[in-house]
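Peer 1: Quick mapping for you: the protein sequence lines, in order, are chains D and A. Using the working numbering, read the first sequence as starting at 1 and increasing by one per residue. Using the working numbering, read the second sequence as starting at 1001 and increasing by one per residue.
Hints in this document: simulated from the structure, not taken from any laboratory. Glycine residues also receive a C-beta, built at the ideal position from the N, C-alpha and C atoms. Treat the hints with caution; some may be incorrect.
To be verified - Sample of chain D residues facing chain A (criterion: CB under 7 angstroms; computed from the structure):
{"hint": "1", "residue": "Pro5"}
{"hint": "2", "residue": "Gly146"}
{"hint": "3", "residue": "Val302"}
{"hint": "4", "residue": "Ala346"}
{"hint": "5", "residue": "Pro348"}
Unchecked claim - SDA-like cross-link-like pairs, simulated, lysine to any residue; straight-line CA separation at most 25 angstroms:
{"hint": "6", "chain 1": "D", "residue 1": "Lys248", "chain 2": "D", "residue 2": "Glu237"}
{"hint": "7", "chain 1": "A", "residue 1": "Lys1248", "chain 2": "D", "residue 2": "Gly254"}
{"hint": "8", "chain 1": "A", "residue 1": "Lys1248", "chain 2": "A", "residue 2": "Pro1430"}
{"hint": "9", "chain 1": "A", "residue 1": "Lys1358", "chain 2": "A", "residue 2": "Arg1275"}
{"hint": "10", "chain 1": "A", "residue 1": "Lys1248", "chain 2": "D", "residue 2": "His283"}
{"hint": "11", "chain 1": "A", "residue 1": "Lys1358", "chain 2": "A", "residue 2": "Ile1377"}
{"hint": "12", "chain 1": "D", "residue 1": "Lys248", "chain 2": "A", "residue 2": "Ala1281"}
{"hint": "13", "chain 1": "D", "residue 1": "Lys248", "chain 2": "A", "residue 2": "His1283"}
{"hint": "14", "chain 1": "A", "residue 1": "Lys1248", "chain 2": "D", "residue 2": "Glu237"}
{"hint": "15", "chain 1": "A", "residue 1": "Lys1248", "chain 2": "D", "residue 2": "Glu282"}
{"hint": "16", "chain 1": "A", "residue 1": "Lys1248", "chain 2": "A", "residue 2": "Ala1437"}
{"hint": "17", "chain 1": "D", "residue 1": "Lys248", "chain 2": "A", "residue 2": "Gly1254"}
Each chain, letter by letter, is given below.
There are 2 protein chains.
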Amino acid sequence: MTPPPHVPQSTRPLRIGIAGLGTVGSGVVRLLDENAALIARRAGRAIEVTAVAARDATRDRGINLGAVRWHRDAVALANDPDVDAVVEVIGGADGVALELAQASLAAGKPFVTANKAMIAAHGMALAARAEAADIALKFEAAVAGGIPVIKALREGASANRIERVYGILNGTCNFILTAMESRALSFDAALAEAQALGYAEADPGFDIDGVDASHKLAILAAICFSARTDVAGVTVEGIRAISAEDIKEADALGYRIRLIAMAEMQNGALLQYVRPCLVAAEHPLGYVPGCLNAVVAEGNFVGRLFLEGAGAGDGPTASAVVADIIDVARDEYGPAFTMAVGALDALPRADVGHVVGKSYIRLHVADRTGVLAEIAIAMRDAGVSVESLIQRGGTGGEALIVLVTHASDAAAVDGALDTLAQGDALVAPPLRLPILAL
Amino acid sequence: MTPPPHVPQSTRPLRIGIAGLGTVGSGVVRLLDENAALIARRAGRAIEVTAVAARDATRDRGINLGAVRWHRDAVALANDPDVDAVVEVIGGADGVALELAQASLAAGKPFVTANKAMIAAHGMALAARAEAADIALKFEAAVAGGIPVIKALREGASANRIERVYGILNGTCNFILTAMESRALSFDAALAEAQALGYAEADPGFDIDGVDASHKLAILAAICFSARTDVAGVTVEGIRAISAEDIKEADALGYRIRLIAMAEMQNGALLQYVRPCLVAAEHPLGYVPGCLNAVVAEGNFVGRLFLEGAGAGDGPTASAVVADIIDVARDEYGPAFTMAVGALDALPRADVGHVVGKSYIRLHVADRTGVLAEIAIAMRDAGVSVESLIQRGGTGGEALIVLVTHASDAAAVDGALDTLAQGDALVAPPLRLPILAL
Chain D
1 MTPPPHVPQS TRPLRIGIAG LGTVGSGVVR LLDENAALIA RRAGRAIEVT AVAARDATRD
61 RGINLGAVRW HRDAVALAND PDVDAVVEVI GGADGVALEL AQASLAAGKP FVTANKAMIA
121 AHGMALAARA EAADIALKFE AAVAGGIPVI KALREGASAN RIERVYGILN GTCNFILTAM
181 ESRALSFDAA LAEAQALGYA EADPGFDIDG VDASHKLAIL AAICFSARTD VAGVTVEGIR
241 AISAEDIKEA DALGYRIRLI AMAEMQNGAL LQYVRPCLVA AEHPLGYVPG CLNAVVAEGN
301 FVGRLFLEGA GAGDGPTASA VVADIIDVAR DEYGPAFTMA VGALDALPRA DVGHVVGKSY
361 IRLHVADRTG VLAEIAIAMR DAGVSVESLI QRGGTGGEAL IVLVTHASDA AAVDGALDTL
421 AQGDALVAPP LRLPILAL
Chain A
1001 MTPPPHVPQS TRPLRIGIAG LGTVGSGVVR LLDENAALIA RRAGRAIEVT AVAARDATRD
1061 RGINLGAVRW HRDAVALAND PDVDAVVEVI GGADGVALEL AQASLAAGKP FVTANKAMIA
1121 AHGMALAARA EAADIALKFE AAVAGGIPVI KALREGASAN RIERVYGILN GTCNFILTAM
1181 ESRALSFDAA LAEAQALGYA EADPGFDIDG VDASHKLAIL AAICFSARTD VAGVTVEGIR
1241 AISAEDIKEA DALGYRIRLI AMAEMQNGAL LQYVRPCLVA AEHPLGYVPG CLNAVVAEGN
1301 FVGRLFLEGA GAGDGPTASA VVADIIDVAR DEYGPAFTMA VGALDALPRA DVGHVVGKSY
1361 IRLHVADRTG VLAEIAIAMR DAGVSVESLI QRGGTGGEAL IVLVTHASDA AAVDGALDTL
1421 AQGDALVAPP LRLPILAL
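Bound-form chain D, shown alone (with noise of 0.2 angstroms):
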């Protein structure tokens, strides 16, 4: 038996079965019905749903799934003989879709999930089994939606040693911050908006808290950096802290508030956090309008990459779990994470604590003499040297005082606010956000 061509000969088509038929799970099956001609030239033969598993199979989805067979237990996909490919849009980083994978994986079947809390936190051990198996596992979708950045970095950036990789990753944060940004809105005001439109959930708390860029990012610095997965090494912090009044001063100060997630390699020390930090105004980050994603990496031939796209919606999120099952079908896919998995570098954890950086920093101050002095006093004894400083005068004894420190150690800097905080000074917890070195 010779190896099959490179142009694919098959007319028979992959027989896809599709775990979950929310708002993504019917997206796929539009997709594949509405550009199916499209997409059998391109995989160089058809792709047909045969499967799916949902728990209702009477509400109206608007999809045609006439011929198509139901299960109400999703990890009977792996098992159905007229299933070849396996796609999981249920979401969770365990129960039904981590028994679907292995499952899945141990049948011989490919899997494409759009999971991104199941692939940071078991991506390791699905890989070994795909790799054991020789089988795809794909996860396009799981990172920035339907922006291709894990096939454009694993594979268009593949000849960089990648430097730090960092972006957009929550487009429900985005929206807040710009809504906040453009309109001047405060938080409550913009959240109460994000959800009335659909793009925060009632608990908001996994978007606006970083958790979901937390598990995008991992995923995104092991293909970027060639290491394992680890999410628990990402340090997250939301946006609840952010104000109006943030986003005002920042403006001025010629910045941008985003929430950034930021992986980024320091004395062969991997950094992860997800935090809101100031991008300068010109930056490309510092334009990316609304729900949008976007990301940046840095290699060290190709210089700066910037990606932007929709990182949600049943759309976008679709395009990427079928461009994942055209390359099945096309046979073109190689490990999960660039390279067998027993090769990736298992990478220390970089102190983040001591990031050295500029910082912006808010304190709500009593307005009394001396107060300015006591928060000159804190930062030179940290060591903390202040590069601009504004006092705006408030009402009802207090005053607003906002500040960027020169290039120091993090530590230092939230030192000299624990010392603040200890006296009596502040009115208010003061907010320090990190400033992106460009």
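Mind docking chain A on chain D? Use the hints.
Peer 2: Here is chain A on its own, set in the frame of chain D:
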């Protein structure tokens, strides 16, 4: 014999022959050397340069070519028994580059090239040969330099019907236009600066007349629309007619002037043009600074994707070339143009003369009674509706009139301008620039 597994197991290096040791060729050698260990992990095997072809073996290129075999005749690389795959960075649509491509494919050797002129002109014939021999033909570096736009659109957006793809594909022109914009330079001054910095050749026509961008566009269109390349079908107009005045007037209207390469499906026909256009200041292309390239693709499920990065230079171009080599080493590649050449559509050409859209028109007119009426009447008689008009008094009996039309048939607007040009109202040829619809 069983097919090879998808996790590369080969310990045999992939041996590369490089034709051309100018900036890009030297960059490829340096990249393969500097990132050798990482590339070997990602490719699953070492990639070694075993032979090169260049006219002058004595020139110091700052790269280590100690153990490498030298050929004076590039075509000899195809038959060097120590070369598994050939990289061509000589350039030129025909001549040695084309001979080498043909000889490599005839010898059954994968062929990687950065040669946009050759792929635009001969891509179909070369792809058919590669397909018949079941070997790789790759040209990521031919479009948008280091941005992995072929990879991202061919594979990452493969599930989508692309509605249009467009962007900034010539960094030299973007440098000139953005220098005129940010520093109010004249066209000649900006061109001279580009030449002094090495961004433009002594004979700059290939860049500033839009030829280079037209080659890239023809390749991009073929990839996105699953169509045969049609470089002769690209309407091309360069940036020589753009004045500092146009940049300023466009800015006042909320637009930037960019050399736009556009490919769009219009009722089953393919519209392709390269020409200066106005883009809204808030459009992502409006922010692309200096020498960068950027591509926008609009898919029917993914929505708008935006990719930006370095479009030229040795590092970025080498990054794209080596990404292709890694795909070859991994045995992860498919048909050069996403499907068998015989399956590609031969699309009819859309009539670029009748594109409907807004236009920017700049007129230098005689400053006398009745001129404004003549212009208004010419527009009215051609059925062109005017959205806005500014007249500015000039010196020497001349005035400047800038007008923006409502969406109109391009031929109607051009007809009105022809009518005016036949009278004596205009003291210089009129300029019409399309305004890009968002």
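Peer 1: Evaluate each hint against the coordinates.
Peer 2: Now the hints, each set against the structure:
1. Pro5: holds (5 angstroms)
2. Gly146: holds (4 angstroms)
3. Val302: holds (4 angstroms)
4. Ala346: violated (14 angstroms)
5. Pro348: Violated - the Cβ of D/Pro348 stays beyond 7 angstroms from chain A, reaching only about 18 angstroms at its closest.
6. D/Lys248 / D/Glu237: Satisfied, since the Cα-Cα distance of roughly 21 angstroms is no more than 25 angstroms.
7. A/Lys1248 / D/Gly254: Roughly 24 angstroms separates the two Cα atoms, so the pair holds.
8. A/Lys1248 / A/Pro1430: Distance of about 17 angstroms is within 25 angstroms: holds.
9. A/Lys1358 / A/Arg1275: holds (15 angstroms)
10. A/Lys1248 / D/His283: holds (23 angstroms)
11. A/Lys1358 / A/Ile1377: holds (18 angstroms)
12. D/Lys248 / A/Ala1281: Holds: D/Lys248 and A/Ala1281 sit about 22 angstroms apart, inside 25 angstroms.
13. D/Lys248 / A/His1283: holds (23 angstroms)
14. A/Lys1248 / D/Glu237: violated (44 angstroms)
15. A/Lys1248 / D/Glu282: Distance ~20 angstroms between A/Lys1248 and D/Glu282 Cα, so the pair holds.
16. A/Lys1248 / A/Ala1437: Since the Cα atoms of A/Lys1248 and A/Ala1437 sit roughly 20 angstroms apart, the hinted pair holds (cutoff 25 angstroms).
17. D/Lys248 / A/Gly1254: holds (24 angstroms)
Of the numbered hints stated above, those contradicted by the structure are hints 4, 5 and 14, listed in ascending order.
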